[in-house]
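So the protein sequences, as listed, match chains A and B. Residue 127 is where the first sequence starts when you use my numbering, and the numbers rise one by one after that. Residue 22 is where the second sequence starts when you use my numbering, and the numbers rise one by one after that.
Just so you know, not all the hints are guaranteed correct.
Unchecked claim - Computed beta-carbon distance windows for the label pairs:
{"id": "1", "chain 1": "B", "residue 1": "Q324", "chain 2": "A", "residue 2": "S379", "range": "31 to 41 Å"}
{"id": "2", "chain 1": "B", "residue 1": "L244", "chain 2": "A", "residue 2": "I295", "range": "31 to 41 Å"}
{"id": "3", "chain 1": "A", "residue 1": "D323", "chain 2": "B", "residue 2": "A216", "range": "56 to 66 Å"}
{"id": "4", "chain 1": "B", "residue 1": "A310", "chain 2": "A", "residue 2": "R153", "range": "46 to 56 Å"}
{"id": "5", "chain 1": "B", "residue 1": "I219", "chain 2": "A", "residue 2": "D323", "range": "52 to 62 Å"}
{"id": "6", "chain 1": "B", "residue 1": "A310", "chain 2": "A", "residue 2": "D323", "range": "36 to 46 Å"}
As the list claims (entries may be wrong) - The calculated SDA-like cross-link candidates involving lysine to any residue, where the alpha carbons are at most 25 Å apart (straight line), are:
{"id": "7", "chain 1": "A", "residue 1": "K257", "chain 2": "B", "residue 2": "Q324"}
{"id": "8", "chain 1": "A", "residue 1": "K279", "chain 2": "B", "residue 2": "K56"}
{"id": "9", "chain 1": "A", "residue 1": "K257", "chain 2": "B", "residue 2": "S77"}
{"id": "10", "chain 1": "A", "residue 1": "K367", "chain 2": "A", "residue 2": "D418"}
{"id": "11", "chain 1": "A", "residue 1": "K279", "chain 2": "B", "residue 2": "R235"}
{"id": "12", "chain 1": "B", "residue 1": "K56", "chain 2": "B", "residue 2": "S77"}
{"id": "13", "chain 1": "A", "residue 1": "K370", "chain 2": "A", "residue 2": "S402"}
{"id": "14", "chain 1": "A", "residue 1": "K299", "chain 2": "A", "residue 2": "D418"}
{"id": "15", "chain 1": "A", "residue 1": "K279", "chain 2": "B", "residue 2": "V325"}
{"id": "16", "chain 1": "A", "residue 1": "K257", "chain 2": "B", "residue 2": "M335"}
{"id": "17", "chain 1": "A", "residue 1": "K257", "chain 2": "B", "residue 2": "K56"}
{"id": "18", "chain 1": "B", "residue 1": "K56", "chain 2": "B", "residue 2": "N243"}
{"id": "19", "chain 1": "A", "residue 1": "K279", "chain 2": "A", "residue 2": "A193"}
{"id": "20", "chain 1": "A", "residue 1": "K257", "chain 2": "B", "residue 2": "L326"}
For the record, the hints were derived by calculation from the structure and aren't laboratory data. Using N, Cα and C, we set each Cβ at its ideal position, and we do this for glycine too.
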Amino acid sequence: MIQIEQLCKQYGAARVVDDVSMVIEPRTITTIVGTSGSGKSTLLRMINRLIEPSSGRVLIDGNDTTAEPAHLLRRRIGYAIQGLGLFPHRTIAENIATVPRLLGWPQARIDERVDELLRLFQLEPSAYSAKYPHELSGGQQQRVGVARALAAKPNVLLMDEPFGALDPIIRAKAQEDLLGVQRKLGTTIILVTHDIDEAFRLGHRVAVMSQGRLLQHDRPEALITRPADPFVSQLIGADDKALKLLSLIAAGSVAESGRVDGPSVPATASLRDVLSELVWRGAAQANVLADDGSVAGHVPLASILARGRAQA
Amino acid sequence: MSRARPATDRIDRLGALLVAIGALAVALLPPLVFKANRIMPGEPRQLLDLLPAWGSVTLGLTLLCAALAALLVRDARVRLIAALAAIAVLALSLGYAADVLTPPGNRVLRVAPGSGFWILIVSLGLLATDALTRLRPGPAWRVLILAAFLTVVILALGSGRFDDLSIMREYAVNADRFAQEARRHLLLALGTLIAAVIVALPLGVLCHRLPRLRAGVLGVLNLVQTVPSIALFGILMAPLAALALAFPALAALGVSGIGAAPAAIALFLYSLLPIVANTVVGLGRVSPAAVDAARGMGLTGAQVLREVELPLAMPAILTGIRIVLVQNIGMVTIAALIGGGGFGAFVFQGIGQTAIDLVLLGAIPTIVLAFSAAVVLDALTDLTRRVPQ
Chain A
127 MIQIEQLCKQ YGAARVVDDV SMVIEPRTIT TIVGTSGSGK STLLRMINRL
177 IEPSSGRVLI DGNDTTAEPA HLLRRRIGYA IQGLGLFPHR TIAENIATVP
227 RLLGWPQARI DERVDELLRL FQLEPSAYSA KYPHELSGGQ QQRVGVARAL
277 AAKPNVLLMD EPFGALDPII RAKAQEDLLG VQRKLGTTII LVTHDIDEAF
327 RLGHRVAVMS QGRLLQHDRP EALITRPADP FVSQLIGADD KALKLLSLIA
377 AGSVAESGRV DGPSVPATAS LRDVLSELVW RGAAQANVLA DDGSVAGHVP
427 LASILARGRA QA
Chain B
22 MSRARPATDR IDRLGALLVA IGALAVALLP PLVFKANRIM PGEPRQLLDL
72 LPAWGSVTLG LTLLCAALAA LLVRDARVRL IAALAAIAVL ALSLGYAADV
122 LTPPGNRVLR VAPGSGFWIL IVSLGLLATD ALTRLRPGPA WRVLILAAFL
172 TVVILALGSG RFDDLSIMRE YAVNADRFAQ EARRHLLLAL GTLIAAVIVA
222 LPLGVLCHRL PRLRAGVLGV LNLVQTVPSI ALFGILMAPL AALALAFPAL
272 AALGVSGIGA APAAIALFLY SLLPIVANTV VGLGRVSPAA VDAARGMGLT
322 GAQVLREVEL PLAMPAILTG IRIVLVQNIG MVTIAALIGG GGFGAFVFQG
372 IGQTAIDLVL LGAIPTIVLA FSAAVVLDAL TDLTRRVPQ
């Protein structure tokens, strides 16, 4: 658990981060979203003390982060940034081995860990470990950047616009991969982005920042249905609130029992996708398929519409 | 490729220029100069008159082959071999002709290469280096080729075949001093370089970290660089002489207004700017994301510098060191003017005695040294440039 308590950062007269307090539950993804200059990156960088707070404190699992030297703290926290910052003069394997090497792991354990991570990110070790970053595509470099951040098995991973440089298709794949890896490893991730869709897609909880202040920190549905500030509604957008809400709900989680006549959708599809499918086919209900392809239940159109309705 | 190109396209432009220069030199300028003693004006002699018939034919044919290769052959290996063969035969012919012209036991008369010889051998040298460049050898190969070239030259000069040439005569007279001045030259050039690296590298890192310091330091060093070397020697003379007078202990250590001390100080000062400036530029080009990631992953400040910033800035820093080394090797020559020693001692002594051979005895090793230093440091720079720019 990460507790951020009344954190402030002041440069001269300007308050870049203004009295932010929040609690981040372990094994969740929290996205911090805001416009540029909102203080979201500064907030993130104060967690691993790349920037020292002017006042306030950060506790990780109950321990004040200032209790140990900053560089030792950072070795326990994963860090991945936009543009990745891969070391161009080091091979992929050497890049990933950075923190384990700093921690003095034995070489055999480092090699094993590097291979394990490369496989986790679908990069065949024999083909990639000896390559240099410039020999990889943008998407591959991005995966190496995240693999490097996870190398020493940190409980906490900080990410600053990690997908900012990717084109939309690779970006969607990278987000999917990150969700998969997080489910598998249970890492607590704090991810900064300016893209509200990305924030909704990845975050179990979303924190909205503006002008240094934390406006709202809640589950994505709550941001849509109960925005705490006009800026939050504005950021979410007025036009497709219902669809945004539906996009957060998986078909499998609302399926009713029984098989019906109609198209089939996977259980992981969002209700937004199911709605689109029903409109396209002119159908009133869809079967929900489990992972093995068997019918797990169905979703009627009316139930989808009910879940997209504004709640009083 | 099989289509016939127009004739003008088939002729190599650089080759044509070099052949034209070489041909003019052969036709108009003397390959040999014969002097009754070392300071008398020389009279021109023709090489072909002095060689045996088979020698003249061999020399003529190899020069013709080199000219044809320069004009018509595109394969760089053939061009290289033709040029090297011509250089070797020309040099051997020169040594042979000097031997013929010198009566046994005569130590007074001088046979020197003439302007025709120099221009021809420089043209052939350019042809060879151009061919080598076209072959694009890797860094290790370039150093190997240089080592092979120097070995061949030293073995050839030691073989005795060139002992009757005027420069070798000067060498024979000054052999002991030559080794001593060579050591002095290297010591001054390398010693001041090492001292400059020890000071300039940390200074460059500081300038990178503190932008406010940067403008001041670079400004002062720029000012130093604009002072002509002779003037700087002069400026240093007075304070150093005063120091030596005031502190006899310093004088005992070799500090004085003239000699190696002011030379070393001046060379050191000139060496600072290229290394500081290149260190600042090199560090400035390191990706900020890589530095941020390194810090974010828990590298300490020193580790970021050692493992990320310096390795990535190394090609730029080595370029600065190369500039300094080549500059130092050349400038040590001038230091001889104030008693600093080095190959320049021969140059100034030769000028004083109007003995051009003695000037060359100082000048040629300086050029070879500077050239070798440039090749070795370029190779080192390439080896550290693992990242494409």
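Okay, the hints, checked on the actual structure:
1. B:Q324 / A:S379: 31 to 41 Å: Since the Cβ atoms of B:Q324 and A:S379 sit about 47 Å apart, the hinted range of 31 to 41 Å is violated.
2. B:L244 / A:I295: 31 to 41 Å: With Cβ atoms ~56 Å apart, the hint is violated.
3. A:D323 / B:A216: 56 to 66 Å: 60 Å, holds
4. B:A310 / A:R153: 46 to 56 Å: 28 Å, violated
5. B:I219 / A:D323: 52 to 62 Å: Since B:I219 and A:D323 have Cβ atoms about 55 Å apart, the given range 52 to 62 Å holds.
6. B:A310 / A:D323: 36 to 46 Å: The hinted range 36 to 46 Å is violated for B:A310 and A:D323, with Cβ atoms some 24 Å apart.
7. A:K257 / B:Q324: 23 Å, holds
8. A:K279 / B:K56: 83 Å, violated
9. A:K257 / B:S77: 58 Å, violated
10. A:K367 / A:D418: Distance of about 33 Å is beyond 25 Å: violated.
11. A:K279 / B:R235: 41 Å, violated
12. B:K56 / B:S77: 23 Å, holds
13. A:K370 / A:S402: Within the cut-off at roughly 13 Å; holds.
14. A:K299 / A:D418: Holds. A:K299 to A:D418 sits at ~22 Å (cutoff 25 Å).
15. A:K279 / B:V325: 22 Å, holds
16. A:K257 / B:M335: 21 Å, holds
17. A:K257 / B:K56: With Cα atoms ~65 Å apart, A:K257 and B:K56 exceed 25 Å; violated.
18. B:K56 / B:N243: 47 Å, violated
19. A:K279 / A:A193: 21 Å, holds
20. A:K257 / B:L326: 23 Å, holds
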